[in-house]
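Each residue of the sequence shown is one higher than the last, beginning at 82 in the working numbering.
Hints may be right or wrong, so weigh each one.
Derived BS3-like pairs (lysine-lysine); straight-line CA-CA distance at most 27 Å [as the list claims (entries may be wrong)]:
#1 495 - 550
#2 305 - 318
#3 495 - 420
#4 372 - 382
#5 420 - 382
#6 495 - 370
#7 226 - 257
The hints are simulated quantities; they were obtained by calculation from the structure and are not laboratory data.
These figures come from a predicted structure and were not determined experimentally.
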Amino acid sequence: MYQELKNRLESHLRDVLKAKYDLTVDNIPLETPPDLKFGELATPIAFELARKLRKAPKVIAQEIVAELGTPRGFASFEIAGAGYINAYFDRTVAVRLMTSGEDSQPVKTDIHALVEHTSINPNKAAHIGHLRNAILGDTFVRLLKAAGRQVAVQNYIDNTGVQVADVVVGFLYLEKKSLAEIRTLIEELELHFQRVDFYCWDLYARTSQWYTSGSDSENEERKKLRYQTLHEIEHGKNETAAVADLISTAILRRHLETMLRLGIEYDFLPRESEILHLNFWALAFEQLKQKGVLYFENEGKNKGCWVMSRTGATPAAGEVDEDAKVIVRSNGTVTYVGKDIAYHLWKFGLLGRDFGYKKFFSYPSHECWISAEHGESEHPHFGDAQAIYNVIDSRQADPQANVIQALRGMGYTKQADNYTHFGYEMVALTPRCAAELGYEVAEEDNDKPFIEVSGRKGFGVKADDLIDKLIAAERYEVDMRQPSRDEQERQIIAEQIAIGALRYFMLKFTRNSVIAFDFKEALSFTGESGPYIQNAVVRARSIFRKGSIAPEAVLREFAGSDPGAFLSGEAGDEIWALWLRAGRTSAVLEQCLSTSEPAHLAKHAFQLAQEFHNFYHKHHILTELDPERRMFLLATAAITMRELITVLDMLGIESPEAM
């Protein structure tokens, strides 16, 4: 409703400015006033036009208001201060817009967006930091779909990187296992319902320590062994590469199972091995050279390398750009950025080559495909995106900027403009949370706001362990509160609350904030938490269950009513504020997409739940004697419940039947 009326006012103002002053204004500034006494919308447009029209802002505001009239959905306009124009909604029209659902359907577009998220190295179990990436990415996918976008979800798998090489070294040289023995080990682990990703979690930490635990000469040889293993994996077609493929594929399946517990699914899993073996880079390299993005350096520290100027300009003859980005090293190997440029040319359909595709993982509604050198003849089409969102931590800001720069240098300006690095900061633990997870917390760490985790050092939280602990804690509470419900139902409720708590905790902080995860805060039924919001839905449902009436029936009956009498005065203003909050969902969704920040929707959900809890405690709906007021209060509860469920679904959070 709010976005619908905002759009109407913006369009109407644009028409008035054209008719009154013969001005074409593309962007009309509209703001949300801090208090309802100043209306529901305000514009400082008069201040922006003062210099151009050579008039005082207040005079311009008076002239504009005189021409505005009262477009549908608006009751009046007033001038405030030195020239602000405040707009007041027609509350009856606004309420009817919401109850009819007139503005609730997104306008579908032909824009094909591609979101890449999760992208865990397939060398060990997923950890708590990976959960922030996956939850952010999955939520943004949900937001795009809610806005009517066509979205494909990709999870990039670096199965030829140094982290995978480290685990291969651990198997081959620490445990001295052959390919056949590793395959047997994986089969035995699965047979006994044990996790290969958990096994590799410990092996990876042991291998990392092994590199530095010997004499200087031993450590040097071990590091050489590491890079020899990495080279063999990248080259492929050998036993070391076969071991890497076996391990990374088995771990990848466990990662997908972990993410599915959170409701997170994927469409395509592109692997670095195919990017290498299908020679994506060779095609990209030719384009980069032909278009002058890369040049060969003959002098300076980058002598013998193919480099890209960070300024976009090739240095003049005889000059050396020491700050240039190396794309191909002097030994002929390609840097991470080079391979990423090739990959993104494929994403935008600009490479001229495609992956092979094989089915890999089945979801209830679709198949997830994986890249291959030679795949199935019939498969969905991936790539050719018009907008790309890469959910990658903030430490990768520079490489991401390099890819965008390369696209611009090649003349792909539109693609570069539609390339978004969806960066985020790390996840740590509060000292209390670390202690609850069984870690020994040093005395000096107890006063710190957070403790950093490190998989390489073996100090970290496996994603599945965290999820299990949250569910177990919530199951205890559900058993205490809902003893009459059967075992399966209590387990479902506990899982819904625990997953909701985890997802909301990861989403309520802005992306540039470091998160210090804490069990008590995440699972709290008070304050800004997932359970607090879910409980608002449960309370709303209890009203309709006790009243033996469906919320949909209430809204149908209420649609023809005149709520004006209940929307005025101090009491009416309070309830109108709840309707207005509920009506802002589409506007907040647009804000999330324009800023690439899901935290705005998380905050909106909390504020809506908070206002509903206040409404719930203040009004005794089912015992209200006035039938018209009772219907109005029921409609208020129905609208709020509908919007809360909608918002929670966009956040990937289920709405339980009970708490």
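27 Å limit on alpha-carbon distance, applied to hinted pair residue 495 and residue 420: holds, 21 Å
Holds or violated: residue 495 and residue 370, Cα atoms, limit 27 Å. Status holds; Cα separation ~20 Å.
Compare the distance between the alpha carbons of residue 226 and residue 257 with 27 Å, and conclude whether the hinted pair is satisfied. violated, 49 Å
Take a quick look at whether residue 495 and residue 550 sit within 27 Å of each other, Cα to Cα. violated, 46 Å
Pair hint outcome, residue 305 versus residue 318 [Cα-Cα no greater than 27 Å]: Status holds; Cα separation ~21 Å.
Within 27 Å, alpha carbon to alpha carbon, are residue 372 and residue 382? holds, 24 Å
Just to be careful, I want the Cα atoms of residue 420 and residue 382 compared with a cutoff of 27 Å; is the pair within it? holds, 22 Å
Figure legend: structure checked against the earlier numbered hints; hints not met, in rising order: 1, 7.
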